[in-house]
Amino acid sequence: MQAGTCCETLKFADHAATQASLAGFSPDSQQVAVAYFVDEPYTAELVALDLDSGEATRYDAVPSVRLTAA
Amino acid sequence: MIEYPVAESWQADGVNFYTACTYCVENSVDYSLLVWNPATGDVAPSGLTLNGLGDALPLTGEQLTPQQSALYPTGERIEVPHSDGLPGSYNVIVLTASARPKAAPSSTSTRTTSSFQRRAGSPTATASWLSPFPGRARPC
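Protein chains in written order, with the numbering used here: chain P, 8 to 77; chain C, 7 to 146.
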């Protein structure tokens, strides 16, 4: 996490996201949630980011059918 | 086709999201929203349904729906990456009156926002998808 004078940047993925969407802040304003996917390697996750620590809680949203495909 | 989650909002019970996809088949639309609780990792149906047709007024049920009318000029088909393309730009907004009688809101009313409406017993809509957000992929 990098801190600036007005803003801070929270990293949520190791690869450039093809598309991402924000769910906004948690009710206690301590976290933000983002959903995204990456084409290659295919990654689809929901991520909750702690605003103070940058710690991420992740949910692997890759459809199960893909995990069993040949 | 690539499936991916789209985050909608963070409510008291967790993060509401739905699954969208690139190159989706028309009318294979599931408007049901899931809720992910980051504290527990649980994912469950939220009981909310994405109102893919437009925005609904919570009190009256009236809907604002973007549509395309041949009576007015239309734009060309929009091609966007990772999408099967969007039809020409919507050129009209349709206000649909609701058959639901107007009533004062009660404390037991269902949770709604301008983007969602609960459709009890009807988790899957049958209407064609009309994206209110040109440039965004449609849910599938």
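Just so you know, the hints here were simulated from the structure itself, not pulled from any lab data. Built from N, CA and C at the ideal position, the CB exists for glycine as well. Warning: the hint list may mix true and false statements.
[To be verified] Restraint ranges, calculated between C-beta atoms of paired labels, are given here: (1) C/T80 / P/D35: 25 to 31 Å; (2) C/Y29 / P/G31: 45 to 51 Å; (3) P/T12 / C/T46: 33 to 39 Å; (4) P/F32 / C/Y29: 40 to 46 Å; (5) C/E68 / P/D67: 18 to 24 Å; (6) P/D35 / C/L65: 41 to 47 Å; (7) C/T102 / P/V69: 33 to 39 Å; (8) P/E47 / C/G67: 23 to 29 Å; (9) C/V100 / P/Y49: 37 to 43 Å.
Return the numbers of the hints above that this structure violates; sort them in rising order. 1, 2, 4, 5, 6 and 8
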